[in-house]
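6 protein chains.
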Amino acid sequence: DFFAALDETKPLFGVAEEELGECYSGGILHFSPTMDSILNIGRQDIATVRNPNSMRLLTTLLHGPPGSGKTALAARLAIDSEFPFIKLISPQDMVGFNEPQKIGQLDKVFRDADKSPLSVVVVDNIELLVDWVPIGPRFSNNVLSALRNLLTKTPPKGRRRLVLCTTSKRSVLEQLDLLQYFTGQIAVPNVNSRDELAAVLRQKRSFDDREIAGALEIIQDLTGSGDVGVGIKRVLTAIERAKEASNPVERFAEIIAEAMAERRLYEDVRPAAY
Amino acid sequence: DFFAALDETKPLFGVAEEELGECYSGGILHFSPTMDSILNIGRQDIATVRNPNSMRLLTTLLHGPPGSGKTALAARLAIDSEFPFIKLISPQDMVGFNEPQKIGQLDKVFRDADKSPLSVVVVDNIELLVDWVPIGPRFSNNVLSALRNLLTKTPPKGRRRLVLCTTSKRSVLEQLDLLQYFTGQIAVPNVNSRDELAAVLRQKRSFDDREIAGALEIIQDLTGSGDVGVGIKRVLTAIERAKEASNPVERFAEIIAEAMAERRLYEDVRPAAY
Amino acid sequence: DFFAALDETKPLFGVAEEELGECYSGGILHFSPTMDSILNIGRQDIATVRNPNSMRLLTTLLHGPPGSGKTALAARLAIDSEFPFIKLISPQDMVGFNEPQKIGQLDKVFRDADKSPLSVVVVDNIELLVDWVPIGPRFSNNVLSALRNLLTKTPPKGRRRLVLCTTSKRSVLEQLDLLQYFTGQIAVPNVNSRDELAAVLRQKRSFDDREIAGALEIIQDLTGSGDVGVGIKRVLTAIERAKEASNPVERFAEIIAEAMAERRLYEDVRPAAY
Amino acid sequence: DFFAALDETKPLFGVAEEELGECYSGGILHFSPTMDSILNIGRQDIATVRNPNSMRLLTTLLHGPPGSGKTALAARLAIDSEFPFIKLISPQDMVGFNEPQKIGQLDKVFRDADKSPLSVVVVDNIELLVDWVPIGPRFSNNVLSALRNLLTKTPPKGRRRLVLCTTSKRSVLEQLDLLQYFTGQIAVPNVNSRDELAAVLRQKRSFDDREIAGALEIIQDLTGSGDVGVGIKRVLTAIERAKEASNPVERFAEIIAEAMAERRLYEDVRPAAY
Amino acid sequence: DFFAALDETKPLFGVAEEELGECYSGGILHFSPTMDSILNIGRQDIATVRNPNSMRLLTTLLHGPPGSGKTALAARLAIDSEFPFIKLISPQDMVGFNEPQKIGQLDKVFRDADKSPLSVVVVDNIELLVDWVPIGPRFSNNVLSALRNLLTKTPPKGRRRLVLCTTSKRSVLEQLDLLQYFTGQIAVPNVNSRDELAAVLRQKRSFDDREIAGALEIIQDLTGSGDVGVGIKRVLTAIERAKEASNPVERFAEIIAEAMAERRLYEDVRPAAY
Amino acid sequence: DFFAALDETKPLFGVAEEELGECYSGGILHFSPTMDSILNIGRQDIATVRNPNSMRLLTTLLHGPPGSGKTALAARLAIDSEFPFIKLISPQDMVGFNEPQKIGQLDKVFRDADKSPLSVVVVDNIELLVDWVPIGPRFSNNVLSALRNLLTKTPPKGRRRLVLCTTSKRSVLEQLDLLQYFTGQIAVPNVNSRDELAAVLRQKRSFDDREIAGALEIIQDLTGSGDVGVGIKRVLTAIERAKEASNPVERFAEIIAEAMAERRLYEDVRPAAY
Ligand SMILES: Nc1ncnc2c1ncn2[C@@H]1O[C@H](COP(=O)(O)OP(=O)(O)OP(=O)(O)O)[C@@H](O)[C@H]1O
Ligand SMILES: Nc1ncnc2c1ncn2[C@@H]1O[C@H](COP(=O)(O)OP(=O)(O)OP(=O)(O)O)[C@@H](O)[C@H]1O
Ligand SMILES: Nc1ncnc2c1ncn2[C@@H]1O[C@H](COP(=O)(O)OP(=O)(O)OP(=O)(O)O)[C@@H](O)[C@H]1O
Ligand SMILES: Nc1ncnc2c1ncn2[C@@H]1O[C@H](COP(=O)(O)OP(=O)(O)OP(=O)(O)O)[C@@H](O)[C@H]1O
Ligand SMILES: Nc1ncnc2c1ncn2[C@@H]1O[C@H](COP(=O)(O)OP(=O)(O)OP(=O)(O)O)[C@@H](O)[C@H]1O
Ligand SMILES: Nc1ncnc2c1ncn2[C@@H]1O[C@H](COP(=O)(O)OP(=O)(O)OP(=O)(O)O)[C@@H](O)[C@H]1O
Ligand SMILES: [Mg+2]
Ligand SMILES: [Mg+2]
Ligand SMILES: [Mg+2]
Ligand SMILES: [Mg+2]
Ligand SMILES: [Mg+2]
Ligand SMILES: [Mg+2]
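Protein chains in written order, with our numbering: chain A, 90 to 363; chain B, 90 to 363; chain C, 90 to 363; chain D, 90 to 363; chain E, 90 to 363; chain F, 90 to 363.
Check each hint, because a few of them may be wrong.
Same chains, same names: a pair is fine if it fits in one copy or spans any two.
[What the hints assert, rightly or not] Pairs of lysine-lysine, DSSO-like flavour, derived with a Cα cap of 27 angstroms:
{"id": "1", "residue 1": "K197", "residue 2": "K242"}
{"id": "2", "residue 1": "K322", "residue 2": "K332"}
{"id": "3", "residue 1": "K293", "residue 2": "K246"}
{"id": "4", "residue 1": "K293", "residue 2": "K242"}
{"id": "5", "residue 1": "K322", "residue 2": "K242"}
{"id": "6", "residue 1": "K322", "residue 2": "K246"}
{"id": "7", "residue 1": "K322", "residue 2": "K293"}
{"id": "8", "residue 1": "K322", "residue 2": "K204"}
{"id": "9", "residue 1": "K293", "residue 2": "K332"}
Everything labelled a hint here was simulated from the structure, so no lab data went into it.
Pulled out of the complex, with its shape left as it was, chain A reads as follows (with noise of 0.2 angstroms):
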């Protein structure tokens, strides 16, 4: 099996690779078929960029909720894809640069990338690259123009390339005129229904099967709802707080129902339709 042999990958060209590895230190879960389809999809790209009487450049957008997954997904393709030059950039780790200091940063990203035969690019959350805020709204219009210049430039003869971009917010990057920049799209879905949930805390062992069955139970009761909407991220910070509370199954719910309460924040889930 391919992805099960994927497990097995190892770091093999240090800092980036170990950095990209963290990503998803928490594993991948099965907790749904869309998982696979997501992998799959990634792995034609990587072919496509490979083969060298394609195109040199595809660029692939990958979507979805807050803490539903994108970043362990990008950082396993990449590592997967086991191309000589792979990077993350990453917003958290240019706290404090002022703009040219960002674009100057993308900038020698993707010169370094063009020294390399096959390079993989991870650039997340680009809304908050941009630094986008919804009031205004406002952001930052030269990294933006400095992105979309980049996504777009073709790599020199001999160079081939696959830009893999994550973000939270699609509609932003619609807004921004941004997605008709991308060769493809995929969407990176939440925990949705209630077998997804049962399947995450049976593999994750924290509850026995009456235990998970009552939790479900007390969300049901708490939200009238039947379905769930919580990011896996969210789903496995639930579980490790409720272990602190002296009645943990009652608590997991609480916090799963307080997740779902919160998620009309976040309205970004549409799938790619067509």
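Keeping the supplied structure of chain A fixed, place chains B, C, D, E and F with the ligands upon it in accordance with the hints.
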């Protein structure tokens, strides 16, 4: 009793702690059972962060009306954690700082925290830190971006961090799209009922029971309302100001009534619902 | 009599005091009982700050229409406090200062105040200090932020401070979300009734009783109104300007009538209600 | 006769005065009785400032449509005052100045004035000084603030100052909230009636009586209106331009008619009412 | 004949004049009587400025649709004046200039002009000079202010100046409140009728009479309109482009028809009315 | 055949030409007769500029949806001109440039061009060059102004220039008021019909006729539409990506269908009408 025991906590490591202690030098009055449950949830977050098998980062927001005691409670939780690194970040200590200086200061505290295996960082009055003004609205986009990135940046391996933030403008943080980056939220209420107000007055021993009854009655007369809805800080100030008047009971009632009239300015009191 | 005694207060510690004294060199006329109650409430705040068992910080706002005497009253209270540190901060003394210079100046005064066990800081014309212009509206966000932080910063242990601010644009401060940071507010009224205007004229001895009656009648004729609603400063100016005319009584009435017509420009006269 | 006498005033102290004299080198034509009453009110303000027992500061605004003679009248009053310090501040002399340079220049003139026991400062075309543009609208906030503070800053003891400002955009000053800082306002009118226009033409001796009648008739025909409403400056220009045409009377009428058509652009002609 | 005589004018003082001459190197075609009356009014303004008993400053605006010949006509008038100082200020010569550099350049030209007893300054394409963009709208406030002050600044004694400005966006200048500062305005029209278009074609001798009739008919067919309304510059370009096609008459008609379709973009054609 | 002959054109003067050649390294497929007429009109403009008796400057805009082949066609025309100076200006080569650097670069290319008797300058993706973002909207005013001036600046005597610009946002240029400065406009269409799509597939030889028919049918099924409307660039990419899938025909159809769904984002496809 846990909280009684906490009352004896003494400074462990100098300045930061002393400063935090100053934040509740007026003490924590238990005028309603909500106080206990707030401290209880905070304690669980501390335990989760301390657990080496859990997430390396939790971020909790204390929100509530002006003067409701948010800073006092956050300071108390920070000191009670007994973590080796505790630090208060306050906009009042940054008068005259330009944006890069503020961001540098924020960044430094988080870097220092990352040198310690366990840390609590208190970020006080986020709305002031980002220089929020409702007209426009205006705010510091750069400080906001820095904060957003610092709040979500996982500490390095072997480091674990709790971030406690306070705000009297939760709706502002919602507009700034900042709420989604907190792993938990705690609402801190006003002195809301006549009984709670009486409890405060009794514990402060400034008026005898008859005077307290008289004050409540005058407030009812002046405002036509049986509720109170004034922050504990303002109640304590009213007691002191009234002492200088020739008619302290009437003056106290008058000041509370004025505060209630101004309350419409602070519409940020909604308890977290689900 | 308390206020009569105050009239003899003399400069104690140099420049700041002399400057403050200049602010009411025209004297404080007792044309209405409100004057006494304003001075009385101010005196209580001074006493609260002086009390070592009370809050270390009070901040009081004097607001009222242009020329109603806010600066004169604040200056008078500051001098009457006999606190060892008193200081007037006035935007008129900062022409040509850029934002950092203004903030530096503000910060310095508050730091100097913190060296004294007891201090009064008068911050005059806040709307001018923040460069408020109604078009836009525009204002200095940085000065506003600095002010907000300075107003709420508790003095260090053993230091106690009273801040007296003035503004003729209370509604502006409300829009700027600044009102909530004051522990108290005092409304300063215009010369509002015919009787109050007559009292001013009598005390200034520029017109005899018959002339006063004549002037009031002409004003009534010109404006069709029995009210006055003009600031004491403007009334005093009208008296002086009228002296140079061939027909002083008519000219005085005319100038007052013009002032009444312009009044619609100053809609900030609402007394504090509850 | 007072005003006749004034016609002989000669330069007393060099450049500033010469420059001011240039402003009415075309003379002051008495085409309507309003001219006398404007000069009369101005004279009273001068007398009030000169009186050592009165206010140390008066600020008067001359407002009226473009080319109505505001600068000429202010210059005339300044020179007539015979105060030892008189100075004209004009935006036309500050082309290419940045904001700090403009403010520095303004500040310097007021400081220089404060060295003299009696001073008149003329600030010409305030709307240009603050770089007003109706789109946006835009203007220099910093120059406006500086001006506001300079206008209201009382001169030091023993110094007395009259400030004369001009503007063709009174409504702009109203929007900028600047009107309230003037102690007096004077409206300067256009050449408004056919009789006033005829008076100007007769005094300039360019046309004989029959030609004047002819011109008035053509204007009536072209515009269908019996009013005029054109600034004295434009009328004088029309006379000169018409001289070069083959048919001066018709050409004069045509230019006036064009000016009347453009008038709708200048809606700032409202006389001060009460 | 006056205008015929002008055709022989030769360069008198070097570069500036040569550059101005370039502006009508295509010649001035007399395709309509309006051309004569435009040159006639311009000539009167020149005479007024030359007259030492008249105003020292006139400012005239030539406005009309794009390519209607404004620059050519202004250049022609400037050279015809035979004034010792003539100069063209063109935004195209200021690419890459920042605001202070542009203003410095403008200021310098006007200062140089003031060294000459008689000067003509042509300021071309004011809307480009102030960097006007309709979105926002945006423009350079500082350049606009400088221009406004330079346009209205009277030359020193003994110096006389004519300023000729051009714009294809008269309505923009109206919005910018700039129109009121001109002492005169001249409208420059398109090639508006079929007869005028035929006159141009005949004078250029590119088509014979039959071809001209054919072209007019095709235009009528393509557009359904008997009017033309295209700038002379564009008509001349159409003639040249058509020459390269296999079917010049049809191609000429097609290009004119395209130009007519785009015309709706240029709504600035309103003749000055009264 | 003219265009067949062009296919053999080889680099003449180094880098610029090589870079331009890269722009259509995928070749120019003749999938519709529009391709010929586009190249034909471009050729006429080249001939007009070459003619020494014609205008010294033509500026042509190629506009059309993203990936429709604008850059490829402009590059082809530039190389076919065989003018001694040809140059491509591309925003992708200016990442990290500030405004003055961009303008300096633009200015330099135009100055260099002016050293050559005949030049073609290609300005690619004007909307990116001016950093256009639809939110706000925002764009670089300074770059836009520079571009506007460079586009309209006549080359010096003896120099002749053709400027070819491309944009996928013609409506943006309309809003920016830039369209009026072009002497001609050419619309570049998508692969619009099923027949055109089939022609592309046949010429690329990736699918046999049966597969092509199958793909068209699936597209019809997925989208319910008989049209296509996808840029040639995207079609070529779809072919390459599909090759890596297990079911290339279905995958090709799927990718085209996705592209058609996204098309609503690109509303700039209106052909130039009259
Ligand atoms: N199927 C899965 N897909 C992705 N992540 C998974 C999966 N199963 C478990 N995880 C774990 O869940 C976490 C997902 O977090 P991740 O940071 O990738 O989410 P995200 O969508 O990038 O969040 P954000 O919106 O905050 O950027 C990781 O710790 C990862 O190891
Ligand atoms: N139950 C309580 N909870 C919190 N504070 C209390 C309580 N009882 C008394 N206090 C005192 O009330 C004051 C609360 O002030 P604090 O500054 O913490 O309020 P805040 O909500 O942070 O105000 P602000 O909105 O101005 O930041 C402190 O002096 C604290 O000692
Ligand atoms: N009862 C009074 N209260 C205040 N001022 C008085 C009174 N009687 C007389 N005065 C005189 O009136 C003047 C009031 O002017 P002051 O500058 O204090 O007004 P203000 O409200 O601060 O004006 P502004 O709105 O311009 O700041 C002073 O000269 C003061 O001496
Ligand atoms: N009665 C009058 N009042 C004012 N100016 C007069 C009068 N009679 C003749 N003049 C002449 O008319 C001209 C008035 O021009 P002035 O520049 O003063 O007008 P303005 O209102 O300041 O114009 P602007 O609105 O352009 O500033 C001067 O040349 C002056 O000599
Ligand atoms: N009657 C005419 N009036 C003006 N220009 C004419 C006339 N006849 C021919 N021309 C020629 O037409 C051209 C007019 O172009 P010009 O640049 O002056 O127009 P413009 O209105 O200034 O254009 P733009 O709006 O682009 O600034 C010149 O080449 C000029 O020689
Ligand atoms: N008929 C054609 N016209 C243009 N390009 C063609 C044609 N046939 C094949 N191609 C190829 O299609 C591609 C067109 O891409 P090109 O970059 O020119 O499109 P574009 O419209 O400039 O895209 P963008 O909107 O991204 O700038 C090129 O690789 C070119 O070789
Ligand atoms: Mg992520
Ligand atoms: Mg607090
Ligand atoms: Mg005051
Ligand atoms: Mg004037
Ligand atoms: Mg022109
Ligand atoms: Mg392109």
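Here is how each hint holds up against the structure:
| no. | hint | in the structure |
| --- | --- | --- |
| 1 | K197 <-> K242 | both (14 angstroms within a copy, 22 angstroms between copies) |
| 2 | K322 <-> K332 | within (16 angstroms within a copy, 35 angstroms between copies) |
| 3 | K293 <-> K246 | between (47 angstroms within a copy, 21 angstroms between copies) |
| 4 | K293 <-> K242 | between (43 angstroms within a copy, 24 angstroms between copies) |
| 5 | K322 <-> K242 | between (34 angstroms within a copy, 14 angstroms between copies) |
| 6 | K322 <-> K246 | between (41 angstroms within a copy, 18 angstroms between copies) |
| 7 | K322 <-> K293 | within (13 angstroms within a copy, 45 angstroms between copies) |
| 8 | K322 <-> K204 | between (35 angstroms within a copy, 25 angstroms between copies) |
| 9 | K293 <-> K332 | within (13 angstroms within a copy, 39 angstroms between copies) |
The earlier numbered hints are all upheld by this structure, with none contradicted.
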